[in-house]
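Trainee: Produce the entire structure from the sequences given, and follow the hints as far as they go.
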Amino acid sequence: MKNGRRVKNPKRNSSSRSKSKVLDISIIILIIALALVIAVGTIRDKKTLAKNMEIYSSDSSNNSEDNKKQATTSNPYEKIKDGKEVNILVLGNGVGLSEGKTDESGNWTSSLSKWLEETYKSKANITNLSQDKATVKVGLEELEKNKDNFDLAYIIFGENDQKEIKPNEFKEDYEKIIKNLRERNKDISIVPIIENSLRKKNEYTTIIEDIGKANDLKVLDMATVFTKDPAPYAKLTTKGGIYPNNVGYSLYFSNVKSLIEANIAALN
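Quick note: the sequence shown uses our numbering, first residue 2, plus one each step.
The reader is advised that the hints may include incorrect statements.
[Said to hold, decoys possible] Straight-line alpha carbon distances no greater than 25 Å define the calculated DSS-like cross-link-like pairs of lysine-lysine that follow: (1) Lys134 with Lys236; (2) Lys177 with Lys187; (3) Lys138 with Lys164; (4) Lys102 with Lys146.
Treat the hints as calculated values from the structure; they're not laboratory data.
Mentor: Here you go:
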């Protein structure tokens, strides 16, 4: 102290200023570091968001295409009209195998496949699980062994069943076949066929008709077709009157063909 006044210490003031500068620099560095962290985080979030949006956009596009594809191909008659491949099941007895034909021109399933290819450019993959003299019970067993999905199915039973199976058993197994096929493909078109030999209506033909009505299925009554045809029944069948001959099988083909054409026309 000099003359009653406090004298400032130059060293202390210099030290204080140095500390203040260091503190200021530290704060600036922290601010810069914080800004960098925020900037990096923002950029990363933007990149992540952009990537997620890209993935979402891609998934949405794929889902849209899948839905569009499903919507245009679920109906078997749309598939045929569009020239797409179709899987067809023939499940029945000897009529399903065209037993009684004298040559390949009498094979109604081959004629069907050829017609679809030539008319609509639609390839028909036909799976024929029919067996000569088979009943609906045999048909159900064969179907359960097969795990394929089908777009169209033609079911032909009754002639042998009326001799071997009780009506209630026939009905039960027939309904199981319908259920089995629909569980595989809800859009399948199933066509029950009353074969030509069942000209006299009985419990079995009635069961087929009732199952058709209950399941909204068009039943193809070939017994009535043969009866109404101008040609005598004997001219349409083999000697035993059970199996059709080539002329008779041409009626099977033409009626199956007409039913497909009617369903395609109904799409418009």
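Trainee: What's the verdict on lysine 134 and lysine 236, does the C-alpha distance respect the 25 Å limit or exceed it?
Mentor: This hinted pair holds, its Cα atoms lying about 22 Å apart.
Trainee: Check the hint pairing lysine 102 with lysine 146 against an upper bound of 25 Å on the C-alpha distance.
Mentor: violated (28 Å)
Trainee: Hint check: lysine 177 vs lysine 187, CA-CA at most 25 Å. Holds or violated?
Mentor: holds (15 Å)
Trainee: CA of lysine 138 to CA of lysine 164, is that 25 Å or under?
Mentor: holds (13 Å)
Violated hint: 4 only; the structure is consistent with all others.
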